[in-house]
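S.K.: Those sequence lines, one after another, are chains U and C.
Take 1 as the starting number for the first sequence in my numbering and just add one per residue.
Take 1 as the starting number for the second sequence in my numbering and just add one per residue.
Read the hints as simulated data drawn from the structure, not as lab findings.
Since the structure is predicted, the reported quantities are computational estimates derived from the model, not experimental observations.
Every residue, glycine too, gets a C-beta built ideally from N, C-alpha and C.
Treat the hints with care, as some may be off.
To be verified - Simulated coverage check for chain C against chain U, where a stretch passes if three residues somewhere in it have a Cβ under 8 Å from a Cβ of chain U:
1) 17 to 27
2) 39 to 51
3) 54 to 64
4) 74 to 83
Unchecked claim - Here are some chain C residues pointing at chain U (derived, C-beta under 8 Å):
5) E30
6) L32
7) R99
8) R100
9) V114
10) L115
11) L123
12) S128
13) P131
14) R150
15) L155
16) V161
17) L169
18) I172
The primary structure of each chain is shown beneath.
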Amino acid sequence: MVNEKWLEKIPADGPFYLFQGCFINHNYPGIEAATRFILDKLGVRYFVSEDQSCCGLPEFSTLANPLMLTCLVGRNMDVVKEYAPYILTPCNGCYSAFHTSFTLMKDPEVAARTEEILGKLGRKYSPVKVIHFADFVYKRLEDIVVKTVKILGGLKMAAHYGCHYFVFEEEGLDSRENPSFAEKIIEKLGGEPVNYTAKDECCGFGMIQQVVHKNMAYAITEEKINSILDAGAEAVLVICPYCLNVLDKNQKVLRDIELIEKAIPVIHISQLVALVLGADPDRMGFEMHSVDVKPFLDRVEARKVEFKGWSSAEVAASPK
Amino acid sequence: MDRVSVLLANKWKWSLLDEAKRWGVQRIEECLSCGACVGSCPAARTSSYNFRKIIRDVMLGNEEKVLSSREIWYCFYCFYCTSKCPSMVEIPYFIMRLRRMAMERGYGGGILRVLALTSSNLLKHGVSVLPSDYDKMNPTGAEEAMVKLRKKLGLPPVMKVSEKALGELKTIFEETGFEGEVGKLLSGKGYFKEVSEKY
Ligand code: SF4
Ligand code: SF4
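Using the sequences plus the hints, can you model the full thing?
M.R.: Below you can see the structure in the form of structure tokens.
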């Protein structure tokens, strides 16, 4: 069930600081291109700066260093303040870095040391509201649908939200047990959302397991992909570049050793939305995907009838 | 102290529990040992990992056994357990806390050395992931390819953290002890013992 209260608090018009995650910037630039395309289409202003650093989550999730996370987050937020009141990120990792830092700062010792270190830089720890790009898409869904020039011709899509989208300290747009907003997005864009058993499970990345215990990571990706294939999906929708990387690249290995019957394209929400808004498929960075996305692209069709706006019944029934 | 507190204090090793509960890790002692976490846990399905055992050993004060073992390095940090736990025990934060305690006592060797590679990127460039991480055979080629791809997509060149920011980061690396830790890990000298495979 979509949390109306959470949705209300998402700023629809920005302006945003578009947080530059290392993984997107250096490995999946297609996600960045798609995100910028969508913001431009919707006329939303955004800023970036080279004074920003990595979000800090890798240093917490690998070397379990809490101060590295709180100091990097605190410093980045202080930089962002010069540009915009909100941070926007299309990455679950960056998104959860901020929220994990807010949790860690409840520990007086961590908080005091963080303030002390940031003080040496002439900076302060003061929280900025962080918006996940998927939440933003849902918030602006009606405007997006009105502007679409293409449509998912009934494509069966399975949504994978990713563990770090769900923020436990606060509520979030949806609950982990049975989230539904990405399915609504698929439906409104002309696709057919597919429910599958392993929906709320990890992609297999496991923060360090993809590097440290690879066999465990592959086993979990295998479960996930097989559950998706069993449900008859033709493509997977993700909202995080790491989930994209793991679900996509691990399939190559799983196919080679025949643990999955076929490979299925994995698409980031920004790529999907940009495409239906008319972005050039050649500029979505699909070069970096290992599973061929052509079967997916073939199902993105030009709208045959021009969209004439919502009927009043549809407006009443649509997500708010 | 009331009777219940006295009984509990005699039963469990609070000092270890308290240390493990820093960083705002909540509700560890409220574990009911119901098994919901283990039943939903990807690490439990794919390894010998069993969170109930770990929690018990911490409460019993079996410090060395827990901190020296590979067990605490199996968690996926996926929070699936937290969404199932009736007592809302924050297991993944707790595991991170145990990993930090293990490092402070000089455990974690081989695992940490692999992980420190990402950290060395951060020390040098202010970012954790570089294009070259995915093409180790040809790091310059990988960066050039990424610059080309970003150009094709109409994006600015790859993100370079400014000199000013790198200077500030340097202070953070020193003050948090991060730089020293990564240096030790990458030096190849035996600062950190290998994890124990027995549990
Ligand atoms: S689900 Fe919670 S209460 Fe149950 S065994 Fe796991 S940690 Fe304990
Ligand atoms: S966070 Fe760790 S303990 Fe919890 S379900 Fe995931 S792997 Fe298991």
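S.K.: Could you run down the list of hints and mark each one as holding or not?
M.R.: Outcome of the hint check:
Counting residues of the segment 17 to 27 of chain C whose beta-carbon sits less than 8 Å from any beta-carbon of chain U gives 3, enough to reach three: the coverage restraint holds. With a threshold of 8 Å between beta carbons, the proposed coverage of the segment 39 to 51 of chain C by chain U holds, since 5 of its residues qualify and at least three are required. Judged by the Cβ-Cβ criterion of 8 Å, the segment 54 to 64 of chain C is not covered by chain U as claimed, because only 0 of its residues qualify and three are needed. Here the segment 74 to 83 of chain C counts 9 residues with a CB under 8 Å from a CB of chain U, which clears the bar of 3, and the coverage holds.
With a cut of 8 Å, the hint placing C:E30 at the interface with chain U is violated, because the nearest CB-to-CB distance is about 16 Å. Residue-level restraint check for C:L32 is violated (minimum Cβ-Cβ distance to chain U is 19 Å; threshold 8 Å). Annotation: interface hint on C:R99 holds; nearest CB of chain U at approximately 4 Å, less than 8 Å. With a least beta-carbon distance of about 4 Å to chain U, the hint placing C:R100 at the interface is held under the 8 Å criterion.
A hinted interface residue such as C:V114 counts as satisfied when its beta carbon comes closer than 8 Å to some beta carbon of chain U; here the least separation is about 6 Å, so the hint holds. A least Cβ separation of about 4 Å between C:L115 and chain U falls short of the 8 Å threshold, and the interface hint therefore holds. Taking 8 Å as the C-beta contact cut-off toward chain U, the hint placing C:L123 at the interface is violated, the least distance being around 10 Å. Interface hint status for C:S128: upheld, as the beta-carbon distance to the closest one in chain U is roughly 4 Å, under 8 Å.
A hinted interface residue such as C:P131 counts as satisfied when its beta carbon comes closer than 8 Å to some beta carbon of chain U; here the least separation is about 5 Å, so the hint holds. For C:R150, the suggested interface contact is upheld, since its CB lies about 5 Å from the closest CB of chain U, less than 8 Å. The restraint placing C:L155 at the interface with chain U holds, with a minimum CB-CB distance near 6 Å, inside the 8 Å limit. For C:V161, the interface hint holds, the least distance from its beta-carbon to any beta-carbon of chain U being 5 Å, beneath 8 Å.
Here the hint on C:L169 is kept, as its CB sits about 6 Å from the closest CB of chain U, short of 8 Å. The interface hint given for C:I172 holds, since its Cβ lies 5 Å from the closest Cβ of chain U, which is under the 8 Å cut-off.
Going down the numbered hints, you'll see the structure goes against 3, 5, 6 and 11, while the others check out.
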